[in-house]
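Asker: Given the coordinates of chain G, work out where chain S should sit on it, guided by the hints.
So the sequences go chain by chain: G and S.
Here the first sequence is numbered in the working numbering, starting from 1 and rising by one per residue.
Here the second sequence is numbered in the working numbering, starting from 307 and rising by one per residue.
One thing to keep in mind: the hints can contain errors.
Said to hold, decoys possible - If you anchor each label on the Cβ, the simulated ranges turn out as follows: (1) E349/S - D10/G: 56 to 64 Å; (2) D226/G - P444/S: 25 to 33 Å; (3) G517/S - D226/G: 27 to 35 Å; (4) P444/S - E120/G: 29 to 37 Å; (5) E333/S - G279/G: 40 to 48 Å; (6) R330/S - W276/G: 27 to 35 Å; (7) G428/S - G221/G: 47 to 55 Å; (8) W439/S - G221/G: 48 to 56 Å; (9) M307/S - G279/G: 49 to 57 Å.
Simulated from the structure, these hints should not be mistaken for laboratory data.
Cβ atoms here follow ideal geometry from the backbone N, Cα and C, with glycine treated the same way.
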Amino acid sequence: MIVFGVSATDGEAYRRYAHPGLELAKEPDSEVYVFAAVGQAARTYNLLIEAAARHDDLEALVLVHPHTQITDRALGAKIRRALSDPEVAVVGAAGATGVRTIAWWEGDMSRGAVTQAYHEYGGGKLPAFAWKPNNPPPQEVDAVDGMLMILSPWAVANIKFDEALALGHGYDVDYCFQARQAGRKVVTADIALDYHQSLELLRDHSLWVEAHIQVAEKWQGRIPGDAPANEEPSEEDWKRRARRAEAQREVARSIAYGSALTLDARVLVLERQLRWTEGTWSWRMTEPLRRLNQWRHGRNGAGAGP
Amino acid sequence: MIAFGCPITKPDVYAQCAESGLQRSAEPDSAIFAEPSGGTIFESYNQLMEKAARLDDLEALVLLHQDTELVDRDFCHKVREGLKDPDVGVLGCVGAIGVRSIAWWEGSVTLASFIHRYQEHGGGDIPAFSWAWADAPPYARIGEVDTLDGFLLAISPWVVRNIRFDESLGCLHGYDLDFCLQAREAGRKVMTADFRAIHHHSLELVSDPDGWMAAHIKVADKWEGRIKGIGSGAGTWKQRAQRAEAEADAAWLNHYRTQQLAEARVKDLERALGSATDSISWKITAPLRGISEVRRRTRPRLRHLVPGRE
Chain G
1 MIVFGVSATD
11 GEAYRRYAHP
21 GLELAKEPDS
31 EVYVFAAVGQ
41 AARTYNLLIE
51 AAARHDDLEA
61 LVLVHPHTQI
71 TDRALGAKIR
81 RALSDPEVAV
91 VGAAGATGVR
101 TIAWWEGDMS
111 RGAVTQAYHE
121 YGGGKLPAFA
131 WKPNNPPPQE
141 VDAVDGMLMI
151 LSPWAVANIK
161 FDEALALGHG
171 YDVDYCFQAR
181 QAGRKVVTAD
191 IALDYHQSLE
201 LLRDHSLWVE
211 AHIQVAEKWQ
221 GRIPGDAPAN
231 EEPSEEDWKR
241 RARRAEAQRE
251 VARSIAYGSA
261 LTLDARVLVL
271 ERQLRWTEGT
281 WSWRMTEPLR
291 RLNQWRHGRN
301 GAGAGP
Chain S
307 MIAFGCPITK
317 PDVYAQCAES
327 GLQRSAEPDS
337 AIFAEPSGGT
347 IFESYNQLME
357 KAARLDDLEA
367 LVLLHQDTEL
377 VDRDFCHKVR
387 EGLKDPDVGV
397 LGCVGAIGVR
407 SIAWWEGSVT
417 LASFIHRYQE
427 HGGGDIPAFS
437 WAWADAPPYA
447 RIGEVDTLDG
457 FLLAISPWVV
467 RNIRFDESLG
477 CLHGYDLDFC
487 LQAREAGRKV
497 MTADFRAIHH
507 HSLELVSDPD
517 GWMAAHIKVA
527 DKWEGRIKGI
537 GSGAGTWKQR
547 AQRAEAEADA
557 AWLNHYRTQQ
567 LAEARVKDLE
577 RALGSATDSI
587 SWKITAPLRG
597 ISEVRRRTRP
607 RLRHLVPGRE
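Okay, chain G solo, but in the shape it has when bound (with noise of 0.2 Å):
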């Protein structure tokens, strides 16, 4: 049995994007279990992954994101091939290799038929981490994002999300790195899903860099498949990598300044060209005409509903 479990962290969310994909996705005999959010998303998880422990022909916990909406039909199916592999523990629709922390889309990319759906200006769809190049699934990766995240039986009974993580960010990150370390398989899946997301900028900043901290000193010279390396740096290892990443930070504040100036630059272009439009003689005798089209449009569309 598949069990699908919800940490219902919004709950409007969970009912227009995660309802309605676990109502295509889910299986005649399927469990489904939507929980109240009980602080950060690690504990209620941890409650998710205690109820599917429960089952004992528990075949796959896939813990969706109230902003997931999966539509993918065959996900079933494509849960066992990914099971098929028993030491495969955990499986995502999109993650990576090479990953060093919580911002796992830094690494080597690997994501199925994965779009980031936005509500902003009219609404669309684009699709998610399109900014690097991707490698197709099933790919064994790093890390897998927690937006989607189908964990084995095995790790259903052995592993746990880490509640002492408890800003809420990297919990993702963080359990494929208990999964890797325990000797298993993180793999991607192609699984298709609609990722609903604001496309606003990091939005609680201060809290993403003190996770991002938080779970690096955790895995501080210990990251699975990496090198034996020195779990306690010496002051001047840690003052070459201080400057490293801090030259590295200016630059990307550099560059994201720059994207956001040319974000500028290509709006303003098409605001003008729109607003010269609008403003012609032409546009605005026909302006009744156009009244007119709306309101036979308006007209028509009332008449085709029940």
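Answerer: Coordinates of chain S only, in the frame set by chain G:
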């Protein structure tokens, strides 16, 4: 005499930007050293300083990038005013305090009297915050700073004869901060002044990230402990490393999201524009706009036939 120095790698850019500004702002007796670049910016500027240092009546050397256009007709007067105090070593129109690295803009910027003029997407201007005093925020002020933006520097004769750009630092980045730090270490003041310029520059702010990062590290190592603040940061080296790594990842994430935002906004506007120009009403009125366009084009040509107009 106020001398001007400008190393040239692109003669067309020089002609369009720096030269046209010099025609406006230089004085009849000004020496203008506009020469092909002699290597890195550090080397080129040092060569220009050697030349200026030989001028007995030198009042100041103004170093400017080839894409910098001066706009003040009384620029030389403002430079003289700024350098009246013999302790002042370097003047500029963009500066900051609380600077810790070559990313001086991450400090507290006190003055930014320039326009960023770009060519991409049909071109445009981005006036910096103190371009127009009437619109300037309350923190905009003229005064002593830690460093200046190197696209326009006015240098006192003492500095011209006693300080050089540090050629060991690389090819391009960090020369301005390092030069200002040298002047300050020598006891001279680095000040902003009330002159303005147009910086004709791409919207891409860092074209050579690796070179930029190398310079960032070199300058921090060079000045750590010599000038307060430079190369410093809160916490232990370990804390600094972990924090900076996190903040770098956050900055990249914001960069990626800005790209997504751009795509969404552009899509939306294109959709609106498409639905406007694909509409029947737009299509049937095309001949009217054609007539209007012809009238608009011919109007200036006909205008010169009106008596009293050239």
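Asker: None of the hints should be skipped; say for each whether it holds.
Answerer: Tested hints:
Restraint check, E349/S to D10/G: a C-beta distance of roughly 59 Å satisfies the suggested window 56 to 64 Å. A C-beta distance of roughly 50 Å is found between D226/G and P444/S, which places it outside the suggested range of 25 to 33 Å. Between G517/S and D226/G the CB atoms are about 29 Å apart, so this pair conforms to the stated range of 27 to 35 Å. Distance hint for P444/S and E120/G: a CB-CB separation of about 32 Å, consistent with the stated range 29 to 37 Å.
Roughly 46 Å separates the CB atoms of E333/S and G279/G, a value that falls within the hinted 40 to 48 Å. Between R330/S and W276/G the C-beta distance comes to about 33 Å, which sits within the given range of 27 to 35 Å. The hint said 47 to 55 Å for the Cβ distance between G428/S and G221/G, and at roughly 52 Å that hint holds. A C-beta distance of roughly 55 Å is found between W439/S and G221/G, which places it inside the suggested range of 48 to 56 Å.
Evaluation of the 49 to 57 Å hint for M307/S and G279/G yields a pass: the beta carbon distance comes to about 52 Å.
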